[in-house]
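A.B. asks: Using the hints, position chain B against chain A.
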Amino acid sequence: MWRVGLVFGAVAWFVSLVGLVEALHGRWVVDGVLSAGQVLLLAVLLASGWTAARRFSASLVGRLWAGLLAGATVGFCVGLLVWLRSLVDLRTMFVNASPALFQLLSGGQPARVAWAAAVAVGAGVGLVGGAGACTPARVVRPILVGAAAALSLALFQELVLLVLQPEPLAPVRDWLFVAGGGPTAQGIAATFAFSAALAALRQASWGRAGRVALPPKAQRVLWSFVGVLLLAALPIAGGPFVAQVLVIVGLYTLMGLGLNLEVGLAGLLDLGFVAFFAIGAYTVGLLTSVGDHGIAHWSFWAAVPVAVLVSLIAGVILGIPVLGIRGDYLAIATLGFGEIVRLLVLSDALRPWFGGSQGVLAIPKPVLAGFEFSGPQHLYYLTVVASAVVAYVAWRLQDSRLGRAWMAIREDEDVAEALGINLVSVKLLAYGLGAAFAGVGGAIFAVMVGSVFPHSFQLLISIQVLALIIVGGMGSIPGVIVGSAVLIGLPELLREFGEFRFLVYGAVLVAMMLLRPEGLLPAAAQRRELHAAEEEPAGLARTPVGAATEGGA
Amino acid sequence: MAAGALRRPVARRLNFVDAFLWAFRLAVIVVVVWGTVGTLRLGRYTGEQWVDFVVFGLAQGGIYALIALGYTMVYGILRMINFAHGEVFMSGAYTAYFVAAPLAASGFLDRHPILSLLLLVAVAAAVSTGVAVLVERVAYRPLRRAPRLVPLITAIGASFFLQYAFRGLYGSGFKAYPEFQLFKGEWQILGIGVLRTQAVVLASAAVLMFALYQFVMRTKVGKAMRAVSEDKDAAALMGIDVDRIIVLTFAIGGAAAGAAGILYALVFKQVHFFMGFVPGIKAFTSAVLGGIGNIPGAMLGGLFLGVVESVGPALFLDGLGIVAPYQLKDVIAFTMLVMVLIFRPQGILGERLAAKRA
Chain A
1 MWRVGLVFGA VAWFVSLVGL VEALHGRWVV DGVLSAGQVL LLAVLLASGW TAARRFSASL
61 VGRLWAGLLA GATVGFCVGL LVWLRSLVDL RTMFVNASPA LFQLLSGGQP ARVAWAAAVA
121 VGAGVGLVGG AGACTPARVV RPILVGAAAA LSLALFQELV LLVLQPEPLA PVRDWLFVAG
181 GGPTAQGIAA TFAFSAALAA LRQASWGRAG RVALPPKAQR VLWSFVGVLL LAALPIAGGP
241 FVAQVLVIVG LYTLMGLGLN LEVGLAGLLD LGFVAFFAIG AYTVGLLTSV GDHGIAHWSF
301 WAAVPVAVLV SLIAGVILGI PVLGIRGDYL AIATLGFGEI VRLLVLSDAL RPWFGGSQGV
361 LAIPKPVLAG FEFSGPQHLY YLTVVASAVV AYVAWRLQDS RLGRAWMAIR EDEDVAEALG
421 INLVSVKLLA YGLGAAFAGV GGAIFAVMVG SVFPHSFQLL ISIQVLALII VGGMGSIPGV
481 IVGSAVLIGL PELLREFGEF RFLVYGAVLV AMMLLRPEGL LPAAAQRREL HAAEEEPAGL
541 ARTPVGAATE GGA
Chain B
1 MAAGALRRPV ARRLNFVDAF LWAFRLAVIV VVVWGTVGTL RLGRYTGEQW VDFVVFGLAQ
61 GGIYALIALG YTMVYGILRM INFAHGEVFM SGAYTAYFVA APLAASGFLD RHPILSLLLL
121 VAVAAAVSTG VAVLVERVAY RPLRRAPRLV PLITAIGASF FLQYAFRGLY GSGFKAYPEF
181 QLFKGEWQIL GIGVLRTQAV VLASAAVLMF ALYQFVMRTK VGKAMRAVSE DKDAAALMGI
241 DVDRIIVLTF AIGGAAAGAA GILYALVFKQ VHFFMGFVPG IKAFTSAVLG GIGNIPGAML
301 GGLFLGVVES VGPALFLDGL GIVAPYQLKD VIAFTMLVMV LIFRPQGILG ERLAAKRA
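Those protein sequence lines, which keep their order, are chains A and B.
Here the first sequence stands for residues 1 to 553, numbered as in our numbering.
Here the second sequence stands for residues 1 to 358, numbered as in our numbering.
Everything labelled a hint here was simulated from the structure, so no lab data went into it.
Quick caveat: nothing in here was measured; it's all calculated off a predicted structure.
Honestly, I wouldn't trust all of these hints.
What the hints assert, rightly or not - The following residues of chain B were derived to be distant from chain A, with all beta-carbon distances above 10 angstroms:
no., residue
1, 44
2, 46
3, 126
4, 150
5, 167
6, 178
7, 184
8, 188
9, 199
10, 215
11, 222
12, 230
13, 239
14, 241
15, 247
16, 270
To be verified - The following label-pair restraints were derived from C-beta to C-beta distances:
no., chain 1, residue 1, chain 2, residue 2, range
17, B, 243, A, 291, 40 to 48 angstroms
18, B, 186, A, 297, 32 to 40 angstroms
19, B, 113, A, 86, 28 to 36 angstroms
Claimed, not checked - Among the chain B residues that face chain A by a calculated CB cut under 10 angstroms, a handful are:
no., residue
20, 21
21, 80
22, 81
23, 156
24, 157
25, 160
26, 165
27, 284
Glycine is no exception: its CB is placed at the ideal position from the N, C-alpha and C atoms.
Next up, chain A with everything else stripped away, as it sits in the complex (with noise of 0.2 angstroms):
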C-alpha cells in the first residue's frame, strides 16, 4: 500500500516539480477557493487511494484502510518535498520550483506543520479514494462525468463566456461566473449536480430497450442536419480566435486522414508524413507567392490540384525505395526522409529555389468571384468543405477494394501477397494518396499563414498526427476527427497547457497503448478484435489528468 503511495507520490513531485501544478494554479476552479492546481493534486490523491484499495484488499474496511494509507504516503511525499525546499534552494535545478507553487503546496505554513497538514489531508482525501473503489460503478460513473462536466466548464470559461456574451444573457453568466474571475461555488455545483443526474438518468435507461424514437434514416438526416448547421454556425458564435483553432484542427484532421489510410488502414507506420504537408505548402506557396520566391503567379484554385499532384507524386517515390521494409524499421526509414526533406529544404544550397530558413513569403490568399477568404472565419468554410471531401474519399475508399487490400496487409503481408494481391501497387497507393491528403491540408496551410518556411514543418508535427490517429482510433474516420478535436482543439484552447502540451502527447500515447489500444472512436474491426475476449473494462473513465500521470507513474 505505501508502495502505490510511493509511486503516487512521485507523481505528484512531478506534476509540482515540472510545473503543471503551478501553472493550472492561475485557474480558478471555484472562484477565491479552489484552483485547478490544487484540483490536479486532489486527484493524484484520489487516484492513489483508488489504485491501492482496488490491488490490495477485497474487504470494505481494508480498501478503505489501504486507500487512506496510500494517500498519507502520497502526503508524506509532498510534505517532505516542501521540507526539502526549506532546507536548499531547490530552483537551482528545477527551474519550476517557484515560491508560488510552495506557497500553494504548504499553504503558507512552516515546514513541519505543512508535513503534518499535508499527511493529514492525504489520509483524508485517500479515504474517499478508497471509499470510491468500494462504491458500485454505477454511483461513480455519474459523481465522475460531473466532475468532468463542472472542470471542462472552468477550463474552457473563456469559451463559455463567449456563448454567453449576449446581453439577455446576462443573468446567467453572472449567476455562474465571478466578473474578471473564475466559476461560482453554486455555478459549478449546478454544473455538477445537472451532469451527474443526467449520467445517472442516462445510464438508468440504458437497461430498457427501445429507446429510439424515431426510424435510424431519419434520425441520421436529423443529426447530420444539426451537425452541419452546427459547423456553420461555429466561428460565428465563437469569433476570429474559436474559428483560427477550428481551422487548425480542420488541417490536422486532413493529415490525419492522410496518415490513416497508411497506419490505419494499411499499417504502414510513417514518421516522415510531415514532408507531404510541407511539399503541398511549398507547391502553393510557390506558384502562388508575390515575393521573391513566387514562380508563377497562379491563383490559389489552380494551384491547389498541382499541389495535390505533386504531393500524390512524392508520396509514391519516397514510397517505392521503402517498400521493402516493414514494422520499426519502416517508421524510422521514413523518418529519415522526412528529416532529409526538411534540412534540404533548409539549407542555404537550395536557397535560391526555397528561400532557406526564411522561407516563401507573400502568399495571397484565395479569391472566388470576388470574395477573398481572408480571415480564419473565412478560411475556416474552405478547411471543412477540404476536409468533407477528403473525409468522404476517405471513407469511399475503406471498404473499397483497395481498401480491403490495405487492411489485409496490415494484418499480414505475407498472407495478403499469396492471396494475389498486388503489395507494390497497393502500398504505393496507400502512400500516394496519403501524401495528397496531406498535400491539401499544406496547400491551405500555405494560404492560412501567409507564408511557408521550414520551421513549420517539424518532426513534431508528424508526432502529432500519430498521435492524434492513436487517439481517435486507428483506421477509424470519425476517430481521426475526434483525435484532432481532442489534441489539437482542446490545448490550442487550453492556454495554460501550451508548453505542456507535448509533454501531455506523449503520457496520452504511452497511456492509450496501455489502457485503450483501440482508441477512443474504434473502427468496428479493430474494436471487435481487441476485445473479443475480455468483457467490457467495468473501471472507471479516466480522466485526461488520470491519463496524464499515468506515464509519470
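C.D. replies: Below, chain B alone, put in the same frame as chain A:
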C-alpha cells in the same frame, strides 16, 4: 521485419522498383565520386585538416557507438527499437550538469579533474540507468506480447514525454557545461596534433566499450543476456529470470548512454532537453550499420558513421560547389540511415541475427 527476406520476391516481380533502387544507388555513388574528385582537385583542404576531420569523426563516432550499444542490446533481446534511448542519453548528461556546475564553481573540477570526470560519469550513468529502467517498466513491459506496432508507439510517446518532462523540470534553455582546464589544448600523438578533449573522449569510449564487451562475453550475467537474445523461452527453461535480464539490459544500455552523455558534453560543451534526438537517431543508424543485435558491429558502425559524417560534407559536397555544405551534415547521416535500411538492413556484421528477424 525480415526486410531482406521479403524484398527479393517483390523486387523480382516488379522491375521498375528494382530500376528505381538502382538509380538511387547510382545517384548516391555518382554524387560521392564526383564530389570527392572535385574536392581533391580543388585542393582546398590540407592533409592536416583531413586528419582533424577524421579524429573529430572518431571522437564523435565513439559517442554514437556508446549510445548504439543500448539500441543494439535491447534490439538483440526484445526485437524492438527503444525509440526513447536518445532521451535516456539526454537525461544523464542534463542531470549531471547540476553536479558539474557546483563542482566548477567551487574549483573542485580543476583541482581533481579526473575524479570529477569519474563522478560526473557515475551520476549521468546512474540517472540514465534509472530512466531506462523506468521506461522499460512503464512503457514496454506490459506490452511485451502486444503487436509490433504497439511498443513502437509507446516508445515514441515515452521519448516525447521524457523530452518535455526534462524541459519542464530543468528549463528549456541551453546549459553551458563547465570546461576542464586539463583538457584544453592539444596533445601530440604519433606526431599528430589532437585536441585533448577528443583524445579523452575517444579513449574513454574505447575503455567503456571494451569493458562492456567483456562483461557481455565473459560474465555469467552476460552469458544469460546472450542466451535470452537467442531464445527467450529456452532461456527461461534453463532457469534464467528473463524479466530480470531484460531490465539489466536496459540498465546497462542506459549506463552506457549516460556515460556517452558526459562525453558529448565534453565535446560540445552544452546540454539541452532536445539534445538526445539527433544523436539518438544517429546511434540507431550506427547500430543498424554494424548489424543490429551485434555489439562489435555497433562500435564499428558508430565509428564509421562518425567519420563519414565528419569528413563527408567537405569531401563529397564541397567539390560539387554546394554552398555551406556543413548544413548538410545531418542529411549525409540520414541518407546513410535510409540507405542502410533499404539496401542492407542486416548491416555490416549482422548476418547471424538478420536471418531470425522474421
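A.B. asks: Would the least Cβ to Cβ distance between residue 239(B) and chain A come out above 10 angstroms?
C.D. replies: holds (28 angstroms)
A.B. asks: Classify the label on residue 247(B) as holds or violated, using whether its beta-carbon is more than 10 angstroms from each beta-carbon of chain A.
C.D. replies: Residue 247(B) is indeed farther than 10 angstroms from all Cβ atoms of chain A, at 17 angstroms.
A.B. asks: Does the beta carbon distance between residue 113(B) and residue 86(A) stay inside 28 to 36 angstroms, or does it fall outside?
C.D. replies: holds (35 angstroms)
A.B. asks: Please verify that hint: residue 165(B), Cβ, nearest Cβ of chain A, below 10 angstroms or not.
C.D. replies: holds (6 angstroms)
A.B. asks: Hold the hint about residue 160(B) up to the distance rule: shortest CB distance to chain A must be less than 10 angstroms.
C.D. replies: holds (3 angstroms)
A.B. asks: Please settle this one: residue 167(B) was flagged as non-interface, so is its CB more than 10 angstroms from every CB on chain A?
C.D. replies: violated (8 angstroms)
A.B. asks: Grab the minimum beta-carbon distance between residue 188(B) and chain A and tell me whether it stays above 10 angstroms.
C.D. replies: holds (36 angstroms)
A.B. asks: Evaluate the given range 40 to 48 angstroms for the C-beta pair formed by residue 243(B) and residue 291(A).
C.D. replies: violated (60 angstroms)
A.B. asks: Determine whether the non-interface label on residue 222(B) survives the test: each CB of chain A must be over 10 angstroms from its CB.
C.D. replies: holds (26 angstroms)
A.B. asks: Take the shortest C-beta to C-beta distance between residue 156(B) and chain A; is it under 10 angstroms?
C.D. replies: holds (6 angstroms)
A.B. asks: Decide, holds or violated, for the assertion that all CB atoms of chain A are farther than 10 angstroms from the CB of residue 150(B).
C.D. replies: violated (5 angstroms)
A.B. asks: For residue 270(B), is the shortest beta carbon distance to chain A beyond 10 angstroms?
C.D. replies: Residue 270(B) is indeed farther than 10 angstroms from all Cβ atoms of chain A, at 17 angstroms.
The structure shown violates the earlier hints numbered 4, 5, 17, 18.
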